Structures are given as structure tokens and as C-alpha cells.
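As a plain string of letters, each chain reads:
Protein chains: 4
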Amino acid sequence: MTRVLLTGFDTFAGEASNPSWEAVRLVAAEPGAADLEVTAVRLSCVYGTALDELRSAVERVDPDLVVCVGQAGGRPDVTVERIAINVDDARIPDNAGRQPIDVPIVEAGPAAYFAGLPIKACVAAARAAGVPASVSSTAGTFVCNHVFYGLMHLIATERPTTRGGFVHVPFASEQVADRAVASLPLPAIADALRAIVTTAATRTTDITAQGGSTH
Amino acid sequence: MTRVLLTGFDTFAGEASNPSWEAVRLVAAEPGAADLEVTAVRLSCVYGTALDELRSAVERVDPDLVVCVGQAGGRPDVTVERIAINVDDARIPDNAGRQPIDVPIVEAGPAAYFAGLPIKACVAAARAAGVPASVSSTAGTFVCNHVFYGLMHLIATERPTTRGGFVHVPFASEQVADRAVASLPLPAIADALRAIVTTAATRTTDITAQGGSTH
Amino acid sequence: MTRVLLTGFDTFAGEASNPSWEAVRLVAAEPGAADLEVTAVRLSCVYGTALDELRSAVERVDPDLVVCVGQAGGRPDVTVERIAINVDDARIPDNAGRQPIDVPIVEAGPAAYFAGLPIKACVAAARAAGVPASVSSTAGTFVCNHVFYGLMHLIATERPTTRGGFVHVPFASEQVADRAVASLPLPAIADALRAIVTTAATRTTDITAQGGSTH
Amino acid sequence: MTRVLLTGFDTFAGEASNPSWEAVRLVAAEPGAADLEVTAVRLSCVYGTALDELRSAVERVDPDLVVCVGQAGGRPDVTVERIAINVDDARIPDNAGRQPIDVPIVEAGPAAYFAGLPIKACVAAARAAGVPASVSSTAGTFVCNHVFYGLMHLIATERPTTRGGFVHVPFASEQVADRAVASLPLPAIADALRAIVTTAATRTTDITAQGGSTH
Chain C
66 MTRVLLTGFD
76 TFAGEASNPS
86 WEAVRLVAAE
96 PGAADLEVTA
106 VRLSCVYGTA
116 LDELRSAVER
126 VDPDLVVCVG
136 QAGGRPDVTV
146 ERIAINVDDA
156 RIPDNAGRQP
166 IDVPIVEAGP
176 AAYFAGLPIK
186 ACVAAARAAG
196 VPASVSSTAG
206 TFVCNHVFYG
216 LMHLIATERP
226 TTRGGFVHVP
236 FASEQVADRA
246 VASLPLPAIA
256 DALRAIVTTA
266 ATRTTDITAQ
276 GGSTH
Chain Y
66 MTRVLLTGFD
76 TFAGEASNPS
86 WEAVRLVAAE
96 PGAADLEVTA
106 VRLSCVYGTA
116 LDELRSAVER
126 VDPDLVVCVG
136 QAGGRPDVTV
146 ERIAINVDDA
156 RIPDNAGRQP
166 IDVPIVEAGP
176 AAYFAGLPIK
186 ACVAAARAAG
196 VPASVSSTAG
206 TFVCNHVFYG
216 LMHLIATERP
226 TTRGGFVHVP
236 FASEQVADRA
246 VASLPLPAIA
256 DALRAIVTTA
266 ATRTTDITAQ
276 GGSTH
Chain Z
66 MTRVLLTGFD
76 TFAGEASNPS
86 WEAVRLVAAE
96 PGAADLEVTA
106 VRLSCVYGTA
116 LDELRSAVER
126 VDPDLVVCVG
136 QAGGRPDVTV
146 ERIAINVDDA
156 RIPDNAGRQP
166 IDVPIVEAGP
176 AAYFAGLPIK
186 ACVAAARAAG
196 VPASVSSTAG
206 TFVCNHVFYG
216 LMHLIATERP
226 TTRGGFVHVP
236 FASEQVADRA
246 VASLPLPAIA
256 DALRAIVTTA
266 ATRTTDITAQ
276 GGSTH
Chain H
66 MTRVLLTGFD
76 TFAGEASNPS
86 WEAVRLVAAE
96 PGAADLEVTA
106 VRLSCVYGTA
116 LDELRSAVER
126 VDPDLVVCVG
136 QAGGRPDVTV
146 ERIAINVDDA
156 RIPDNAGRQP
166 IDVPIVEAGP
176 AAYFAGLPIK
186 ACVAAARAAG
196 VPASVSSTAG
206 TFVCNHVFYG
216 LMHLIATERP
226 TTRGGFVHVP
236 FASEQVADRA
246 VASLPLPAIA
256 DALRAIVTTA
266 ATRTTDITAQ
276 GGSTH
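So the sequences go chain by chain: C, Y, Z and H.
Residue numbering for the first sequence follows the numbering used here, beginning at 66 and increasing consecutively.
Residue numbering for the second sequence follows the numbering used here, beginning at 66 and increasing consecutively.
Residue numbering for the third sequence follows the numbering used here, beginning at 66 and increasing consecutively.
Residue numbering for the fourth sequence follows the numbering used here, beginning at 66 and increasing consecutively.
Don't take each hint at face value.
[Unchecked claim] Partner residues aside, some chain Z positions facing chain Y, computed with beta carbon under 7 Å: (1) Ala155; (2) Ala176; (3) Phe179; (4) Thr203; (5) His233.
[What the hints assert, rightly or not] If the Cβ cut is set under 8 Å, some of the chain H residues that face chain C in the computed set are: (6) Ala137; (7) Glu172; (8) Ala176; (9) Ala177; (10) Phe179; (11) Ala204; (12) Asp271; (13) Thr273; (14) Gln275.
Quick caveat, the hints were computed from the structure, so don't treat them as lab data.
Computed from a predicted structure; not experimentally measured.
All residues carry an ideal CB built from backbone N, CA and C; glycine is no exception.
Okay, chain C solo, but in the shape it has when bound (with noise of 0.2 Å):
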């Protein structure tokens, strides 16, 4: 049995929901795989106080494994992220109104952490369950990478055993019917995180796969 928890976020930027969220919610009522227990946490859209609740969340579950979900809306597919960077950089507020501009999230962290996931894995496992997916080099400096850096150096300086990662998803479809951007269903995005999911469970090591970017 592998403890997984999952979080996803609260609405932001003025949209009526946040496809992460929704997701989550879907694969923790219906993981999709036996020896998964997975436990899906709502994380507020603001620097700091998400950090907050994300590491309680961790107390509380004591997890194996930390997928963090969030939304990319404009981004064609799902997105297996390969780094969190050491800055908070808001191009605009956060649900709490804070804007923070180029701070480090820990002083005298590190630069960047990788991935605790094996990525290509991931990715391909999302594609054999028929939704594009890819790798993604970047996850912004607003509270999703932010978020990811803090899974990440918690990770490396208090659960060396834990492993951890972050997703970033597309609009879902439900969300916006009426605009003319790229999105997918949300029951696609939850069959793309149930296969992240399951993979990130049971491998250790990565594949050997293209998955970078020129740019």
C-alpha cells in the first residue's frame, strides 16, 4: 500500500473553478489502481499560507508519495514539471492580494530542485491512457512553483524517504466552453493524473525518453 497524497488548488485569477482541484478530487474518490490509498487537499492560492497547509497536510497523511496539481490554462496538455526554482515572482496577486517580486522562497536555499518523479515515466504513462501529456521546464514563479519548491526542500531536509512532484493540468474543457482556448475534459485530466499517480508509485528510476525542449 503506497500513501499518496494529492493536492490541488483553490479557484484564482477570476475563474469559477480550478480544474486541479476538480481532478484531484476525482482520482482520490476513484484512484484506479488497489494499493493506492490517496488523500486529496485543497491548497489556498497564496504564497505562504499554501506552504502552511501543504506541510500539515504532510504531517497529517505522512505520505510515500506528494503529487502537487495546478492549473496552466492555456497549456495544451498535462505537464509533468522537471524543476522548481528558488524565487517567488507574482505577475499578478495572489488570493490574499500579496504580489511578492523576485523573492526567495527559502533564504540561502538552493537554486532549484528537480523532480522527485521519474517524469518521462510519467509522461508516457499519461499518453498510453490516450491524454497528451509532456515534460515542462518551467512552473512559473506564482504559487504553484512556489509550492513545488516547498514540497521539494521539505523533502530534502526533513523526509529523504518521501518522494514528490508537481503536475501542472490544462483548462478543463467544462471550464471553458464558451472561449476559444485550448483545454481538456475533466475526467481526461483525472485519467492523466491516475496514470502519473500509479506510475510515480511504482517506479524508482526514469525512462530514456525525448521529452526536452529547444527553448
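Dock chains Y, Z and H against the given chain C, drawing on the hints supplied.
Same frame as chain C, but now just chains Y, Z and H:
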């Protein structure tokens, strides 16, 4: 009972499948409304030939409604086409290697025909089914527009009581799982087509709803 | 000597300037060919009013060639429009607050008019001047298409020897320096317009060159 | 007098030219500020080799400031890179046919280095020169990021008083005149680089300005 002819296209441009045909087959198998009799026909992606096949199918099926469907790879949503224009201008060769440049489809035909569908109502119906959709003001100048113009010309000159139009669908997610491009899963595309066909079969007048483009 | 009427538009949609008008002024100040007499006129971004202004300018200038120019924010290159369609369908209000939906521009007018320019030769000329350009098959359904259709209808019904067409230009770099969107510097846009006007003034037949779109 | 080493790249991926090298040459020929001594060097688009060439150039020029420049085809503006990451992951083969996958650039090196430039001030300077610019949080995982990381590692381990960073430039308009993709003319790209180099040469601290990304 409304007799509906739905057409999709053969694969082209090196793709392994064409979501227009895959989705059209799903709708014909399960139209989603009791009083629709849907016949699905696959057209060649060949100038001229596609129109011959369409004409034969129309003669055979004697439809009240014809909705032709094609793939618009790269578009993020299902688009109901507003207008067909009287020109073939191929960016790539068709499946027979033909590449006409700036040739009228119908010598001395009108410059364009507007679709015979309630396009805004069709868009609203697809959205209500949870699938992103919008109006498009260009069907391009390849075989899709060729078939659309040919259909509207056939209706204008020989079948005044038949209604007809054209719908472009995005890449199917299953088709591009390993490419970071916009897509929708085939079942979602089929849902949109069901909503569009049902609406087009039951409404003769359109709704007044925003749906234009600034350019 | 060829008399040329070039029109640009007022600013709209909250922009601080309109590159169509800025570029048109540059061309009128320096047409780049000795035998062109270029008059630049700025049109209101208002349905109806813009066409009244265009008609007055045509009567005053008595041009051999009319090229109307508008902004297509988001397009990456200069686009020579292929066809004007007989519908106003506003996605946003015009500068007078009008927002017509699915209204014909000319009651009982034809569905569309093709441009009266050698569009492929115009595109080739802009490219030869080093400026990215292509053919577009939709001028949208806002005031740009409205003016384009009105111009072609005026020519078709009252001025058979005048040639006319429409060109969309991208955002000016100067206008969007702080936004990550496609743009070209104003001097480059003006260079493209010079090449297009010179070509349209001297050629009556088009070249055969690839330039269609699959959708 | 500030000694500046500017590098561009060889052509790659089938392009006929590389705007990074073309623009860098323009800047070296005319730096635009009296107290800058700019040396331009072209690097091979080859993993490993490019870094050897960079190291040689640094030894020869003994620069106060190093700005490496690469092409980011498809980006609409000039982007100042925020961070270099310790991984080679080639989506396409480099010019020597090498295609490393998920290999560290420096075995046991830190996961990432932040740029040593005042990136927000550099962006502001390019914009003030009328050229669209923004911060980027990923330089990809191809030879550009490879050189960027190698440069920052060289500085961190051997040249503590040298400042360094990386700038990605869009396609040059001249290069893609026949493709409908975002671009800027070479002189505009060179103007942006001049503004960036001058700023980086004269400022050691950054400004506080918005420039993050939500994902």
C-alpha cells in the same frame, strides 16, 4: 424523423487517423436523439472526388440535413463554419497529389455561400454539452472548404429544402497524445457533433448571440 | 501617375494607438515609388460611419487604387485579405458603442466579394522587402471586414475601374513592447505596405503561388 | 571601459541563418555606448564543443560581462533568461548528431544557477528602446541552456568578478518572411541587445518590476 447525412474525411497530411471520420462514426452509431436517422459517409481528401462522393451520398440518403465535418488541426475547439468561399487554393497536395492554386470551385458561381445552419444555436448547444465551441469565419481553402462550398451550391441549385453546413473539429487527444498541441478526446468531439446535429435538425432560425471575431 | 487612397483606423479596444493609421501615414509621407500619389485617411472604428467616411474620401480623391488597412492584434505577419463577407457580427462594441450581431452590411448584397488586388503578388512583394506576409482568408466580422465589404460593393456597383482591397497588420512593436505578443516595428509594417501598394498599382493579374490554408 | 563578450550560435535545425549570431555581429560592430568593448564569438550548436569554445573565448577576451545569445524560434519577443538548469535533454540532435537525454551538464553541479544580470532592468531597457522583451524562466534543455549553465558554472567556480547571462531572441523577420510565425527584424533585435548589454554593464543591482509568469 429527420434524415441526416454526416460526412467525415479520410486521413491526410501524414496523420494516422482523422478525428472527423472517427467522431462521425460514433454519432451515426448513437445519434443521441430518437427522431434522427443518421448516415455516416467517409469522403476522400481529394478535390473533385470528394464532391462526387458527397453528391452520390446525398442522392442515396435523400437527407433533410447534411453536416460535413473536417479536421482543423491546431484549433482548440469545435468550430461551426459560417461561410464557404469559391476558391481552391491548396497549401499541401491532396491525397491524389493535386494542388490547385486559386481556381474557382464552380466556374461563375457566387463568391461565397453562408452556412444553412443556425450556427450560433449550434455553438450554444455544443457548449451546453460541456464541449468548447465557437463560430469560425473561414473554412480555409483546402478540401474542407471545397466540400462545404460544393454542398451549399448543390443545395442552392438543386435541393432547396435541404439544410447544410460544415463543422471543423480539433485534433483528437488520442491522435496527438505525444504532441503538445490542442486537442479534445473523441467522445467529447462526438458529443459536440450530437448537440450540433440535434440543434440543426430542430431549429430553423438562429439565436442572437455574440460570436464574431475582430479579425 | 496612380492615385492611391490608403486608409487606417482610429484606435480601439483600449489600445493607445493603431498601427494601421501610423503605418499608413508613413507611407503617404514617403510612398517609395515616384509615380504614386498617396492620400492617407483615418477612418472611425464605427460601423456605418467608417463607410460614410470611406465614400467621402473616395469621392474627394477619385483614386485608381484603394487599400484599406486595419490592425489584427495577435497575427504575426502582414496579411493581405482574400475575401470580404456580408455580415456584421461584433465581438466587442465599436467606438460608438454599437455591437451589431449577424446583420448584413448590404441588404440583399452578395454573400462576399473577392479582393480586387493581386494578393499573391502583394504577399511576394512584402516578403521580398524582408517583411513576413501571407494571405488571409478572413478579415473577421468587425469594422475591418465591414469597410472591406463596403469598399468592394462600392467598386462593384459604382466604380468599376477602381481596384481595391484590404490589408491587416500586426501589433506595432512600439505598442506592445511590454506584452509578450507577436509584433513588427512600424517601419517594417510601412515597408510592407509600400511594397503592396506599388505592386497593386502596377500589376493587374496575379502570380500563381502557394498561399492557401488547410483550415 | 567594460570588456564584453557576446556570443551567438551557428545555424541549426535546418534554418539558413541564426539571428543570434547575425544580431551579435551587428552589436559588436556598433556597440552603441562609448565605454563598451564588445567581442563577438560564434559558438557551435554542439553540446560540449560550444562550452569549450566559450571557455577559450573567455580566456582570450577576459571579459567583465558575458552575454550569450540564442534563437528561440516561435517566441514573439526578446527574452532575458532567469535561470540555467543542470540537464541536457535534446529534443533534436545537435549539429554533431548528439542527442543526450537527461544527462547532467556538470556532474554533481548545483541543480541551477540564476543569471548574473539585472534581468528586470535589462527587459525595461529593451522595451524603452521600443523592442518587445520579457523575462523567461526556462532556457530549455538544448545547447542554449547548456552554454548558459556552463557559463554560470565557470563564473561561480573560477571567475567570481565576471557577470554573465543569457538572452533568447525570436526568429528574424528576414529569415521567416514566408512563414506566418512571430519575428522581429534583425536591427530591432540588435537594438534590444545593445540596450541589454549597456544596462548589464552599468548596473549591478536590479530594479523591482513585474515580470513573473503564472506557469
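- Message: Please list, smallest to largest, the hint numbers that this structure does not respect.
- Response: 7
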